[in-house]
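Make the full structure from the sequences, and use the hints.
Spelled out, the chains give:
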Amino acid sequence: MKTIETGHLARIEGHGNVVLSIDGGRVKEARFQVIEGPRLIERLTVGKTPDETVNLVPRICAICSASHKLAVIRAMENALGVTPSKKVLLLRELLHMGEQVESHSLHTYYLALPDYLGYPSAIALAEKFPLEVRIALEMKAFGNTILKTIGGRFIHGENPVIGGFGKWPTRAELTWIRSRARQFMPFTLKTVDLFNSIAYPDTPESDTVFSCLNPSGGRFGLMGDEIILSTGDQMSVQDYRKLTNESLRPHSFCKRSAYKGKPFSVGALARVNNLGERLDGEAGKLFRKYVTPKWKRNPLYNNAAQAIEILWSMERIPQLVDELVGLPDEPVLAVTKKTGKAAGAVEAPRGTLYHWYDVVDGHVADGDIITPTAQSADDIERICFESASRLLAAGKEGEIVPMMNLIVRAYDPCVSCSVHLIRLDGGKEKRRNLP
Amino acid sequence: MSKKTPKIMIIDDDPDFIEAVSMILKSATYDVASVSSPKLVGEALAREKPDLILLDIMMDSLFDGFSLCNDIKTSPDYAAFHATPIIFVSAVKELTGSRFDLHEEGEGFKGPEAYLDKPVKPKELLKKIEELLPK
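In order, the protein sequences belong to chains A and B. By the numbering used here, the letter at position 161 of the first sequence is numbered 161, and the numbering carries on one by one without gaps. By the numbering used here, the letter at position 58 of the second sequence is numbered 58, and the numbering carries on one by one without gaps.
Just to be clear, a hint being listed does not mean it is correct.
Distance condition first, Cα-Cα at most 20 Å in a straight line; then the derived EDC-like pairs of lysine to aspartate or glutamate [claimed, not checked]:
| id | chain 1 | residue 1 | chain 2 | residue 2 |
| --- | --- | --- | --- | --- |
| 1 | A | LYS128 | B | ASP117 |
| 2 | A | LYS128 | B | GLU94 |
| 3 | A | LYS140 | B | ASP64 |
| 4 | A | LYS190 | B | GLU113 |
| 5 | B | LYS39 | A | GLU138 |
| 6 | B | LYS93 | A | GLU282 |
Now the in silico label distances, taken between C-beta atoms and shown as ranges [stated by the list, open to error]:
| id | chain 1 | residue 1 | chain 2 | residue 2 | range |
| --- | --- | --- | --- | --- | --- |
| 7 | B | LYS127 | A | THR83 | 41 to 51 Å |
| 8 | B | SER98 | A | ARG43 | 25 to 35 Å |
| 9 | B | SER98 | A | PRO328 | 29 to 39 Å |
If you want the ones that stay clear, here's a sample from chain A, every Cβ over 12 Å from chain B, calculated [to be verified]:
| id | residue |
| --- | --- |
| 10 | VAL19 |
| 11 | TYR110 |
| 12 | ILE135 |
| 13 | GLU173 |
| 14 | GLU205 |
| 15 | ARG390 |
Hints were generated in silico from the structure; no laboratory data involved. Values in this document were obtained by computation on a predicted structure and should not be read as measured data. Glycine is no exception: its CB is placed at the ideal position from the N, C-alpha and C atoms.
Quick look at the structure:
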């Protein structure tokens, strides 16, 4: 028996690695090890008020803190019977677009592109690909500017609250965002062409189940109250644990999800595969131009899907501003209910993010957060296993470690969000009140 | 009394573009001034008082031209130049395959009077200038 280890996986958010056990010339096991220390966020919510919890839980991660903020707010509003106004929902969506642009441009250009152009980092790309590096820098900065304008800060903005926003952006701020999104269009279109012209290597290309939220009204989007799978199955977000069915692994602080006993994937590729026919505008045209059956069987196309989503976001931003500037500012809704429990979900850049809280007499009694990476982790392991097996059988052992890096990175995992304190008591969790 | 020769200011961080276009404009009997950095534009405008501006878009930032154009057209600091015609000149089509779409710009961005792609065709450039700056 021998092992092949990737060591620390570079250019992903957080710390993880892949270990393969080889015996008799065959891969016996692939382990996606999530070894970063737990952050104990769910436990820290216990005893806090809903408002304190909304401030606390996004600290789980700086990359998708806006998604965590929106997910906890949606869960609390569902639990406490708060119905946000149209303007609040539009502004939350605009905030979400900022995070999508910021995070996807970070992943596609800074983390993934060096793999495909044969460079060790985005900095090393600058000499030969100066325009691409400039687009990356300014696209990410634009996403950050939206986050700051709407959320109050680049990271961990505290402006979104249960029932509304503490402060509304000015008309001039909103119209500037609209103009800049339009001005970006040549660079956004180039981004889509770039990430759809890459010759992504074949992985084992086996079937994957994709899961994402199903936005209402037959739209493409990042929020919804229903879950939709590529199998055709649908369920309420309130039943999310019937999808995730979490279990524990001794080699990982990241819990694992499986639907009907099988791993599944979430993220941009899941959204675009499940909902891509709903895309309109340039994003719809380019989706139809570039999509192939490989998108459903090869996770490396997540980079291509993220580029399509950047374009969709840049087209959606002006639409949102057009609607927002015509609506009056509103006070934050009062929360009168003190007890309730519910889930809320959003599509974070790297997949569906579930938050659930049990609030009793104005304080959180229990909380549950299931992150995108925790859902995709078993599928990452499966693809690594199949890919390594194929390479080993073909006598290409030297290609295994680079391929493992490529596969894990393509999922854009956020290891930091996914870690939990786990206790292995016969593989079962001891929690009191989960749905 | 003879009419003053119109002065055109080229704002572009590409010295080769400035040199080539300066020759075209001078041969058409325009006075020419140039600025190679968006940071120097305020001072240069006050000094040169141009009648028309050729403005590059992608300089230090990919969007410097947009910001400068909006400032020149709307900022009290540039009140004397609010009516000065501006022509965008950009290599974005050559670099990305598509142009900036100015037709949908409105509130939040005051745009230029015209927009030409690089490489600029001399006849097209002079025709556009004559339209905006009748001699």
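**Asked** Can you give the numbers of the hints that this structure goes against, from lowest to highest?
**Response** 1, 4, 7, 8, 12, 13
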